[in-house]
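Chains A and B, in that order, give the protein sequences.
Number 170 in the working numbering belongs to position 170 of the first sequence; there are no gaps in the numbering.
Number 199 in the working numbering belongs to position 199 of the second sequence; there are no gaps in the numbering.
Among the clues, some could well be false.
[Unchecked claim] Straight line, CA to CA, 27 Å or less: simulated DSS-like cross-link-like pairs of lysine-lysine:
| # | chain 1 | residue 1 | chain 2 | residue 2 |
| --- | --- | --- | --- | --- |
| 1 | A | LYS252 | B | LYS49 |
| 2 | A | LYS457 | B | LYS351 |
| 3 | A | LYS333 | A | LYS226 |
| 4 | A | LYS457 | A | LYS412 |
| 5 | B | LYS351 | B | LYS49 |
| 6 | A | LYS396 | A | LYS412 |
| 7 | A | LYS13 | A | LYS457 |
| 8 | A | LYS49 | A | LYS457 |
| 9 | B | LYS49 | A | LYS412 |
For the record, the hints were derived by calculation from the structure and aren't laboratory data.
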Amino acid sequence: MEMPPPNPAVLAKKPELIKRLQGVMLDDGIISDPFETRAYECDALTAYKCPPLLAVLPSSTQEVSEVLRICHDLGVPVVPRGSGTSLAGGALPTEDSVILGVARLNDVLETDYDNRAIRVQSGRTNLSVTGAVEEEGFFYAPDPSSQLACAIAGNIAMNSGGAHCLKYGVTTNNLMGVTMVLMDGTITEIGGAHLDAPGYDLLGLICGSEGQLGVVTEATLKILPKPEGARPVLIGFDSNEVAGACVSDIIKAGVLPVAIEFMDRPCIRATEAFAHAGYPDCEALLIVEVEGSDAEIDEQLGTIMEIAGRHNPVELRESQSSEESAAIWLGRKSAFGAMGQINDYMCLDGTIPVNQLPYVLKRISEMSAEFGLDVANVFHAGDGNMHPLILFDANKPGDLETCEAFGAEILKLCVEVGGCLTGEHGVGIEKRDLMINQYRPEDLEIQMAVKDVFDPKWLLNPAKVFPLASSDARRIAAD
Amino acid sequence: MIASATEPLHVRGAGTRTDQAPADGSVLRTTGLTGIEIYEPGALTLVAKAGTPLADVEAALTSENQRLAFEPMDHRALLGTSGEPTVGGMVAANVSGPRRIQVGACRDSLLGVKFVDGQGQALSNGGRVMKNVTGYDLVKLMAGSFGTLGVLSEVALKVLPQTETEATLCLHNLDHARAVAAMSSALGSPYEVTGAAHAHIAGHGTPQTLLRIEGTDASVRYRLEALRSRLADFGELTDIHGSASRKAWEGIRDASSMADRAGDIWRVSVKPSDAPTLIESLGADAQTQLDWGGGLIWALMPEGTDLRAQLGAFAGHATLIRGSQATRATVPMFHPHPESLARLSRGLKDKFDPRRILNPNLMELGG
Ligand SMILES: Cc1cc2nc3c(=O)[nH]c(=O)nc-3n(C[C@H](O)[C@H](O)[C@H](O)COP(=O)(O)OP(=O)(O)OC[C@H]3O[C@@H](n4cnc5c(N)ncnc54)[C@H](O)[C@@H]3O)c2cc1C
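Only chain B is shown next, with the shape it has when bound in the complex:
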């Protein structure tokens, strides 16, 4: 299909991670490519065809008490899409949730890929072993390239054991600066915090600063107490356990507090300590949530706002996750690159997809 294509191809898994309808060309769906090829719990690896529903993968992992450690978010509520998210879509968008601060992003768990480039050529890179430095790492390049360099057909992932239990320490009503300071102190401790967020949680009128700990029951209890004394200066501390904790983190992962609200949704990757000032520059109309210890700002902005212009120059970048027609017409989805990097990105696009037919114009490459 790709080799013989004469018009743009819009590569889609189940279409749950985009709110954009293709303007022209045809849609190439990977949902026919399904199935888990290899799953070796003792080697912590799983290989699946790209169109395999994520739910199937998660069910297989759960049956062996394992999981995808990077905690991919479910975009459906936020974007108002339906369908079954696929593993290929997850990889193409490098979807990573709160645990990213501890275990890395999807790309850090990705061991190998098979894909078809813009000429219709089937290619492979990486493998299914945990350490592999044989040749260039195109695996990472494919993660997060949104189908613009090739259509994924198979992915190999590193998986990790499920933990026995979890608990979350909650601090109440801190301002952004204090919240980031508390998260930074927790993440700078040896207690292996696997989630650090500042958000509005259902049932609370004021924002909560949440710190998650996972492990065996005894170990979780020990570390919770240790953190409690470390953070004593930050005011009242409460905790939630087990399923209540899990539910809170699902909400943070999926930015649920923004799902039913009107406006554009942005995801801004920043240096954590810059977050408080950057949030201030967004003005009073912005509703925000912090994840990754302050390194990820979710922002709900009035439709049509150019958030990047409001932030000015900063170390990081902003992605428009959900945008109204008007916003989409004027601001690009991805953050513009400096020219030295844009030149390299264009060069790569020209090699992988010289006819520029795969998801054209999805990732702005500066020309």
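So here's chain A without its partners, still in its complex pose:
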């Protein structure tokens, strides 16, 4: 993956930068030692690494504002960072950039049960937002699998989703307001505990902007009362097509499950060997979960089982207890870990229209034969967000490149059938150069024009999201 060469003029400013930063924050928040900056050299896309010029960890919005003002004055690029779990290289530094980490901003500022909202600093982890309200019977709905580690800041920047977003939506549907600092240091307040902000939907624009428009330091999030209960059913099929058709029928029938998860045979086999969840040995399986009181759950699961029954399932297992529910989820939840045990893998994230599932799965298995690399599929089927995992061997020369080429073909296929390159992980550097497959030059141009408004000097996370060739002129003009 190509990154722009570091700007020597910026590298030369390191001593001056440190000196000015020391004027606005404590020394322990400024990390300049090359050994220590290594901790920030990559995110979860570990194939790409580059230590930053500096890392800074401010402890207030005011400090973030001052840091940004200084970097703006000196023309130093800034890469915002939450917990560094991005799978798209969103938080990857360049040699001439400052990593601005929000890890020290992790307080709960206000819990407001009457208005069903919580105000937190953005470095707080996703799961600990729920942790702060669950005693009162509430939760924060978006639940990325990385929720133990990832920060609200990264969730907002990537507009992250989770297994339960079929019912509850993704981050943008649960975000009510932010405090955001612009690159020039201006502190802005958008939205709050009221439902919609006036004027243009800047909140909607910021969510998913991958740290390129401003640094989010605080957020007001919607919290919801916990459902009375939830239970899944596991359904096994002897073909992907039939599993896909069953998903479509469940959706059409008017039951709205909280989650419909899909696993194919390679994935089932790998997780069985790893987690021994007792899954059937079949071509495809679905885990469908519904919520409500016991009787409501029975009613919904009844409808789902009836629909599934029409598709000749090889296995139909309705959970009757929390132990059985945990057993059904066990394999799904350990899928990524299991794949990691047997191989290096690359996790893709394209979305397709649900009715294209069977076709796309068939094409992926054909392409797998062409490229000579195995693929396992585990994904959110209800909303068509696929996660093909391509298995490769990082120690084998050329394997990573073949894997990336294969991945690119799969994502192009997603776009071809009416879908998109990324459903929840973001573009980052990983899919940057594929953007031309989804958007025409003018569609990218208007997005870059939006960045011009928020960050005219293109200093915030500049080499991400847009193909380098399209953003070249802007990044160079700004130098």
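Let chain A serve as the given structure and place chain B with the ligand on it in line with the hints.
Same frame as chain A, now just chain B with the ligand:
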């Protein structure tokens, strides 16, 4: 037409959602752009040209037992307009009804847009799939931008299944503080309340606090009972079902109780628990209705009143939905922004419509 325009263009669907006549320039109507392009019930998605009558979309959805979950209001009675509302107009105004508290606003169901910017350039953003984080989300930006950033030509929407039935629990004659407390308790329960309003309903002399539940028959009955015991402290509780419930919510959605009355109509978005105090500051001349659990105040004010001045500073904003000439002349339709945000909004307007010809001066951008 846009590229060659030399004077302001007033972008209109069927003109049902505005009570303002353009002062100058020409009118660009989208009503020629009609038709449902794609409707996939099994994928919960529908794509339609912007000028497609909303009624056509709703008819197509009804035939598959689905619906637009955000429950867009019909502005015609309130504004005294006629014509067939279009999907493009609905999106441009981000029109969202009572169910917004549970399923989000129109913008939350909007998956993709095609539009023509102020230079006449055809652009697209988003798509027709339910999860999409590819590039910036201009879809949300276009929703609620009232045609000032571009003229919508096509919209892709997420749709949801119609529910089997509905019922509404009614509390009687609560004051605003008690009403908001009751709604807050209901919305804080696991019973999935899909409407929470406090309004004057035809046939009742006193205001009613209404809580809606939707789902299968058995589930609705179960949750109604559960809510009833939860709210036992709030006095007498009655319920209405099926079509009676639907009718009540249509009335709330369209603010019907204000339709035939003289005065200006405002829509105020607030933090629900602030609503009672804010209503008090509007004085005895105001007639109000609460929706969204208290988060939305509809206010009918004597003509010429500057409601914003009366409310003072608060967390939220007020939009003048229907105003007399005199009111329009002195108070802006949209709530003024703080300068830091106004600067960004102006910046966006300059990029999307550098000549400022699309609905100029409709959304005040502070300069
Ligand atoms: C095992 C695993 C499972 C995962 N599962 C899911 C999943 O189910 N669903 C899903 O959606 N994602 C998933 N992810 C991806 C990742 O966890 C999310 O993208 C997450 O939101 C990133 O959060 P973070 O705090 O780690 O952000 P980082 O990785 O630190 O940063 C991500 C992006 O946010 C920007 N950013 C960070 N902080 C700020 C800020 N304060 N202001 C502005 N921009 C900022 C960064 O510049 C970067 O572009 C998974 C990742 C892993 C490793």
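Please list, smallest to largest, the hint numbers that this structure does not respect. Failing hint: just 4.
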